[in-house]
Amino acid sequence: MESDKKIYFYPKWLRIWHGINAIGIILLIFSGISMNSGVENNFIGFNAIVNIHNYAGVIVSINYLLFLLGNLFTNNKKSYIVKPKGFLKRPMKQAYYYAWGMFHGMKAPYPLSEKRKFNPLQKYSYIIVMYMAVPLVIVSGFALLYPETIIDRVYNISGVFLTAILHSAMGFFISIFLIIHLYVASIGKNPIENFKSIVSGWHHV
Amino acid sequence: MILPFFKKHEKEIFIKSNEIRHIERLHKTVIKNEKNNQFKYIPMNNRLFLFIILYCASLSLKAQYYDDPENHQCLKCHSNQTYSFHNDLMDTEEKRLMNPYYILDTIALKNGVHSVFDCTDCHSYEYTSYPHPANVKLEPLATCLDCHGGDESFATYQFERIQEEFQKSVHYQVYGDNFTCSKCHSQHTYATTARTSSSVLEIVEYSNNMCLSCHNDMKKYSLVAGHENPEIVDIHNWLPNQELHFQHVRCIECHTQVADSLMVSHNILEKELAVRKCAECHSANSKLKASLYKYQNLQQRAEDGGVLGVLSNDSYVIGTHQLPLLKVLSIIIFLAAMAGIITHLIFRILKK
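Going down the list, the sequences are from chains P and S.
Quick note: the first sequence uses my numbering, first residue 287, plus one each step.
Quick note: the second sequence uses my numbering, first residue 736, plus one each step.
Since the hints were derived computationally from the structure, they do not count as laboratory data.
Mixed in with the good hints there might be a few duds.
[Claimed, not checked] In the DSSO-like style, the derived pairs of lysine-lysine whose C-alpha atoms are separated by at most 27 Å in a straight line are:
(1) P:K291 / S:K918
(2) S:K811 / S:K918
(3) S:K1087 / P:K403
(4) S:K1029 / P:K379
(5) S:K1087 / P:K475
(6) S:K1029 / P:K393
(7) S:K1029 / S:K918
(8) P:K363 / P:K482
(9) P:K393 / P:K298
(10) P:K298 / P:K475
(11) P:K375 / P:K364
(12) S:K1087 / P:K292
(13) P:K482 / S:K1087
For reference, chain S alone in the conformation it holds in the complex (with noise of 0.2 Å):
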């Protein structure tokens, strides 16, 4: 099982807790099962016996709970376009089209960071039936803080001060609290790329498809702006070269206040205070350095020095990725022909 960011007995009691809910669940639908199947009375014993089996094939299961989605309860709905039901009231069997905004990209959510946690952990249980009750779909659902918050095992994560750099986003001033985490991150199929990848490339197309989901779609960014979005390539045209810096450095780089504590800087400025000009990242003292290759993974290779540090990086920018070594030799060369000039020319002068 993967749990990235728990300690070891964090892990062991975020199972534990699930398995305990997993068999409360599980125990629960055997009561319903009986109430269906007229079974009115279970002996005790036998009961326990069922117990038993249930606890074993709990562990078995442990907390994989998108291993077939296709038998999931939730998922053998919500991963795929259609979904098929019996419609009680004409006792006739349905099949209809899902909406497009409730269907999940399973193997993102297997990946993700909380895949150990099932569904209904989060939603209420009452989803477990079909069609869903209207009034659950208007409970309050958990916000990040409610778990991250104040909790010590995220500490590194500093999601308080997270939220506090967003509240200064242009984002949250234009949108309120309506603007959640979610917006950019879901839930459902968040990775922790930055911190774990080592290329370049792939983080920089996992953040800039978390702007593009919104900023490159007409009805999602409506939702927010209540207006349609502008032409991403359009606004950008200014910028040389616009299709590679897409693919190589990320959104964040130029419309954010990189605060150089946090990991990614939340606070996404007004498009007037982006950033305009080639110099703050094509330049010894790049912008760059404190942003999109400031993880260690990466950072580490960049500032190691030696050629295969460099030469293992992913990205290459004028003016902030330069070999030393051919650097000083390359001065060396420089100076070893000025002085064989220099020389020469003072033979010249003096045998005149």
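Excised from the complex, chain P in its bound form (with noise of 0.2 Å):
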């Protein structure tokens, strides 16, 4: 063992979920900026951007599977459990450490352990994102990979127009939690501690 201690944070299958997740994301980030910027691309053509969507699109949906088989199986479900106590109070505690405590001394409220993975912010945006924006994202993909399945107007405007703003508004909601997370992730011992931790699964603590 090394002096500094050590967790095995990130199992195998989490750690691959990951990747395929981020891989795919980001395909379908620029993809997708590209095909809705309405600006001809002469080097990837627009069909071929399409193409890259669509599959990019059904690999992370089949792995969104993975992660939820995962976390169905394992223990990694605890990560994801909100307690009431301090619903609002925890989270604040972290922002306020983010903002202002982080430069001025203070400890982590709530340093990372076997039995916290997550802090309380990251929690709550984890649970948004992954339970929230990517189901979204993932069910209005497919409408529009299958127009047909849509409802032709509600009320008096498309089905498929509804649809479209629902998946760009998700997906650019979570091109911002990509953001922030990779800057975030590199608040760490040292900006790329967390990046090495993701990657082979120990962090240290």
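Now that you have both chains on their own, put them together as the hints suggest.
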């Protein structure tokens, strides 16, 4: 054992899931922006971009099942359970730490341990992304892949149009999450520590 | 009475001229009947009386010739699968099948742009007898430009320019003058859907049915082309979401040279020149903006810029339809997130 304490934080299935998800979602974001921008891309044609988006979407969706099953059958699910006690207080405290405390010698209020994989703020944002935004983007994505399944009109508005808006709004939300996710991941012992952990599985405490 | 494209005084002229024709016709019928019924002589004052009655009747008829097809002299046969007549030669009542190409859709006829005209306004009056005399079938019928050409009241429709464009098209190149306007635009039932409809889907369906009436019909296609029609679905196999494309864009979107100043481009191109690049439509400067979405009633809503403007539009094409509000909002959120991250990063570096 090394001098500083290491915990085996991320099991193999989770790291594989995370890796596929990362590559898939990055592809989806770039192809999605490219399609929606309406800027003609001569380097990779529109058709190819659509194909990339479709394939990446299907892979990320199947991968999402892996995430669901993993959380169903392993202890990982515990990380996603929110306690009613201090429902708002706890994430606020964490936010205060990020915004002020960490620059003023404050210790992390919820240090990670075997029992606590995510700090409260992290937990909340993961829950919102993984159990709300991602399912919505998957469902609306498949609907757009098979547009004939979409309701023709909702009142006087095209159903396809509404689905497309929902899909791109959720996609945008996930993109913003990704940016913040990557940045916050750089707040560790050193900026690349957390990135190493998600690859190796071991987290230095 | 509906005369959508005539000005008020022109409408009146049309109605009047139709009334006069109608009276003339009724008058002829009376004389005929006189012969048949052997009323050799009707006193002049009686004739006048009859004329007044007929005139009043004709007023109430106005131009609604097709209100009652079952009793219309032509439509009682030409709107049915079968027709009956008295065979004078054999002295028998006969019932026969109507040639399916000569059966008219009376509802479409009544809603068509030419519903103010009776059959014999264009077709020979001799058609009113049966069997129709053979020679009338060889009589030239009026072409579209005979009525619509050089007329100021039709100037907005630019019939002459349509003719010019059409003569460049593959239809004219292959079949020459035999390819008349009516090959696509049935004079009987044509409606100006693209100008009047506020639904893209409706415009698309109406327009595509014009093409499909031949391109999906072996007999009518071979009449012009001299060979069988290629299968539409097969030759468009390369197109992703084919069915969806067919429902939401018109054939002419890809198969014509779009002329910006014309309502509908009539220069149908050879198949080699058809659009095959996705980005021609799926881009910010989409071809569709100059064609399908350019109709004022649709365009006003599409380019309104407001949420409601775009939301009420009927179609959604990636790249061309965006909500400006959401676009601005997403840029603000993105910049805010980036600003937050950069500020945080600066403090991290400074406080290290």
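Legend entry - Numbered hints the structure breaks, given as an ascending list: 1, 4, 6, 9
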